[in-house]
Structure formats: C-alpha cells, structure tokens
Amino acid sequence: MDWNTLATTLFGPAHGIAQDGDLLHGGVRFDNATLTVIGTTNHAPIGVRLALAQARLVLDTIAQHPGRAILLLIDTQGQQLRRRDELLGINRAMAHLGMSIDLARRRGHRVLGLVYDQALSGGFITSGLIADACDALPEAEIRVMRIPAMARVTKLPEALLTELSQSNPVFAPGVANYVAMGGVRRLWRGDLPQALREALADAPTEDRRALDGRERGGRTMAADVIERVLAAP
Amino acid sequence: MNISYSECSARERIALLLDEGSFHEWLPPSERVTSPHLAQLGVPSAFDDGVAIGRATLAGRPVFVAAQEGEFMGGGVGEVHGAKLVGLFRRALRERPDAVLLLAESGGVRLHEANAGLIAVSEVMRALLDLRAAGIPTIVLIGGANGCFGGMGIVARCADRIVMSDIGRLAMSGPEVIEASNGVDEFDSRDRALVWRTTGGKHRWLSGDCDLLVADELAAFRAAAIASLDAAAPVTLAGLEDEHQLLSERLHLLDAPVDGDEAIALWTRLGVPAPQRVPELDPGELTRP
Chain A
1 MDWNTLATTL
11 FGPAHGIAQD
21 GDLLHGGVRF
31 DNATLTVIGT
41 TNHAPIGVRL
51 ALAQARLVLD
61 TIAQHPGRAI
71 LLLIDTQGQQ
81 LRRRDELLGI
91 NRAMAHLGMS
101 IDLARRRGHR
111 VLGLVYDQAL
121 SGGFITSGLI
131 ADACDALPEA
141 EIRVMRIPAM
151 ARVTKLPEAL
161 LTELSQSNPV
171 FAPGVANYVA
181 MGGVRRLWRG
191 DLPQALREAL
201 ADAPTEDRRA
211 LDGRERGGRT
221 MAADVIERVL
231 AAP
Chain B
234 MNISYSECSA
244 RERIALLLDE
254 GSFHEWLPPS
264 ERVTSPHLAQ
274 LGVPSAFDDG
284 VAIGRATLAG
294 RPVFVAAQEG
304 EFMGGGVGEV
314 HGAKLVGLFR
324 RALRERPDAV
334 LLLAESGGVR
344 LHEANAGLIA
354 VSEVMRALLD
364 LRAAGIPTIV
374 LIGGANGCFG
384 GMGIVARCAD
394 RIVMSDIGRL
404 AMSGPEVIEA
414 SNGVDEFDSR
424 DRALVWRTTG
434 GKHRWLSGDC
444 DLLVADELAA
454 FRAAAIASLD
464 AAAPVTLAGL
474 EDEHQLLSER
484 LHLLDAPVDG
494 DEAIALWTRL
504 GVPAPQRVPE
514 LDPGELTRP
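Protein chains in written order, with our numbering: chain A, 1 to 233; chain B, 234 to 522.
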C-alpha cells in the first residue's frame, strides 16, 4: 500500500507525516494521543545516512517526548550495498539505530513496527524486528534475499529454492509465514485504525517470538532449544 | 609458541582462550541438537549446529562463552544456532557471570534457513541488549577467516566491547554480495588489500569501530578478553547522542572529493598518523587519533 494512502486511512488527510526523500516522519494525533511516526518509502535501501536519520528521530522522541509511542512504517529493499557504506561502518550505524529503538522501548515508549510494503534483511533487523512488536499488512512481503542471489550464495539450485518458496515457511516471502514463525505478531485486516488501536494496547515488552513460533507451528525448535539451554545441567 | 587464532576451530579457541579445562558445554554435540531445515536441501547438518556454548572461567572468574564455527556454513545463524545463543544470554541474565564472551565468526543469517535465520539473529540482538542493560559485560572477539558479517556484524556493534585481530573483518554485506549487486567497479571482491582496507581489523580500530586490536594469536586474544572483563557500559541516551555525533561527523568526512583510495582518505581526515603506511604496519605499530 502507498504510504500516503495508509497514513490517510489511519490518521485522516491532514495526518502531518512528511516525506523527505525516502524518509517519512511526523507527529500524528491518534485517539487523543500523539504518536511519532518514523518510516521509509520507495523500497529504500538503508545506508549509513538513512539509518542515522531514523536514529535522530528516535533520540529526539526520547529526549523531547518521554513515553510517546513510536510507529515504524517499513518499506525497504534491505541494507545499502555500497563499498563506501561499509567503509563508513554501516553495521555500526545500523546497530546505533537498533540500540536507539531498544533504549526507547526500555524507557517505556511503546514501539510498534508495521511492514506496509516490503522488508528485507538488513533494513528490517534494526527497525521492525527490534520493536516491541512488528505487524504487517496482508499484502506486504518480507524476505531475507531474492531467490537468484540466494541461489548464488548458497550454491543451491534456483529451481529448488523457487519450489520451496511456494510451500515452505522458511523460504516463502509472504507475511503469513512470518506470522507462523512468530517474527510478525499479526496482520492488519479490515479496519486499519482499529488494528492500530489494538496493536498499541497490546505490545508485549518481552521477546515472545520464539514462543509464538512454537504455538503457531511455524518455528518449532527455537523455544525448545532456549528452554533446554536454560535447564541444562 | 604462538598459536594462530584464525586457524583454530571454535572448540580449540574455547579450550585455549579460557582457563584450561574450565569449559562446561551446554547442549554438546552428543545431544545432537541439529537444524530442522537442512535435510530438505540435501545439506549435511552438524550436531552442534555450528556453535558451542557453555560456562567457563577466565583468569579464575566465571564467564559464559559462545564460539561460532566458521567451517560449518560460514558460521551462519540458523534457527537452532540462534536459539543456543539466545538461551545462553538469557541464562547469563539469570546467573550473572562476570562477563559473556562471543567468539564471533559468521556470515550472518544462514541463508539456507532464510526467514527463520533472520528472526533468530534479531532475537540474539535483543537478548544481548538485555545483558547490556543488566550491566553484564558482553565481549565480542573477531579473528576468524570468515569475519563477522551481516546481522552478526550488527550484533557485534551492540556489545560493550569488540576485540579484533588485523586479519579479522567486521562489516555488513560481504564484498562478493556487493560486487554481484553493483559490479566490480563498486567493490572488487578479489582485491584483498581493498577488502581489508574497507572491513579489516586495522581500519575498524583506527576508526574506533573496535576497542582493542591484537595480533592473530590466541594468547593475545586471551589477554584482551581478560582486560575487557569489566567493560560493562549500559546504553544511555547521552551515550547514544555521542555515538550519533561521531557517526554523523564521520559520514561527512567523505563529502569532499577523494583523490585516490577512499580508505586512506578517510584515515587522513580522521587524523591517523602516516595513513599511507597503515597497510604495511603491524597492529602494535599503529596509533589512532
């Protein structure tokens, strides 16, 4: 879904979210409270610059608006694949963004991720996946890497990966698989403002994803292994 | 005699880095906790899923340790591998050892377990930040041939302390992936000198991305780990503001046109003495601003 359509549906036509290149930001009114909205659009690649721009907005919210909820609107093609970004420490900039969001959580800000278009690996791990909870629109896509690139790196046949991506939740890009594995908490269907309302009211502060993955049957071993380590003699 | 850290396996590193005979492993290979995803791909699994975890002592002090095995799928994080790390970190939160050591060697998400691996890495990141918030020092050691990449490159930067050797590499995307996506002119993955100038231990130390730079010797890593045992530094808003300023200023160091190599230009602008000579110097001969 186009970000402006989504924003208008959630917050009305005077939503107050601005687009600045690939960056989205603004303070919006929702149910008599103000939310900080931080996001990206145009399937943005997340490089050092865009990671820092998002971190700035998170840090400003912590400093200026203690406790204000933060909604992360996610549409990214993943991390920027450029040598200069690596030279400048893109992993450090990503960690900085993730740690800024994590500090917001620990200081009592509810942080909610929403994948409204697509999410890939590096751009996702320090946004929606570090939030208190990450939700998605049903038509969104989440994946680690596109199949041709994955075939090249793993040296597995592309046909095999394509076939698995039809049926196997580990490989398929649909968000329903991420729900089954616990990586996405729930999908927003129908009344989107109501979905946001419910999501804000029910954002767990502990990491439940392995438990959800086991309960939902999409990721059956993670929770068991964690429990075995905790109990090992 | 000096033993090369990079040439050791994960278990050899644990045996030689920690106090002799002190390692007690949880979920050892005899328990055969293996990946549920690899068989369908016709890929062999490992009885420890490529990571050894447990408790030990270091200089007589209790620590928890995890070591990733680069020889198994490049140290990639799959569902079980990631859950072992999360379990270790959560147990450390409960039992409060003096420090948690992560001997990282990983390409990041294990692509053979795609979605499950991605979620696992993010769970590892969350669990590590829980340790940090609790004031339990987290120390990442990087010196394996496979480096520390992808999501694990982010996880490393979430720790209190990073120790690297000059042959260690720390980054996000591997040079092969960047070359495949944007061409050999963007990043020539076969130009080893360029790869190390961009991601290697010396560059990371000179730019402050790692805290300690050591030679590729187990004894040097052990000494650096001991020196890091009290490195706890909980994340604060003031600390993140400082980090933000540092990263923002660094970003603009390359705004002006660069004549020649970008890494050397960056070192020059960071104020590194004799930047042209960095590639030929030993770790102990370098100084940083």
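Everything labelled a hint here was simulated from the structure, so no lab data went into it. It cannot be assumed that every hint is accurate.
Computed Cβ-Cβ distance ranges for the label pairs, DEER-style [claimed, not checked]:
| # | chain 1 | residue 1 | chain 2 | residue 2 | range |
| --- | --- | --- | --- | --- | --- |
| 1 | B | ASP488 | A | ASP60 | 16 to 26 Å |
| 2 | A | SER167 | B | SER263 | 27 to 37 Å |
| 3 | B | ARG510 | A | SER167 | 53 to 63 Å |
Every residue, glycine too, gets a C-beta built ideally from N, C-alpha and C.
For each hint, the structure was consulted:
{"no.": "1", "hint": "B:ASP488 - A:ASP60: 16 to 26 Å", "result": "holds (23 Å)"}
{"no.": "2", "hint": "A:SER167 - B:SER263: 27 to 37 Å", "result": "holds (34 Å)"}
{"no.": "3", "hint": "B:ARG510 - A:SER167: 53 to 63 Å", "result": "holds (56 Å)"}
Going through the hint list in order, the structure satisfies each hint without exception.
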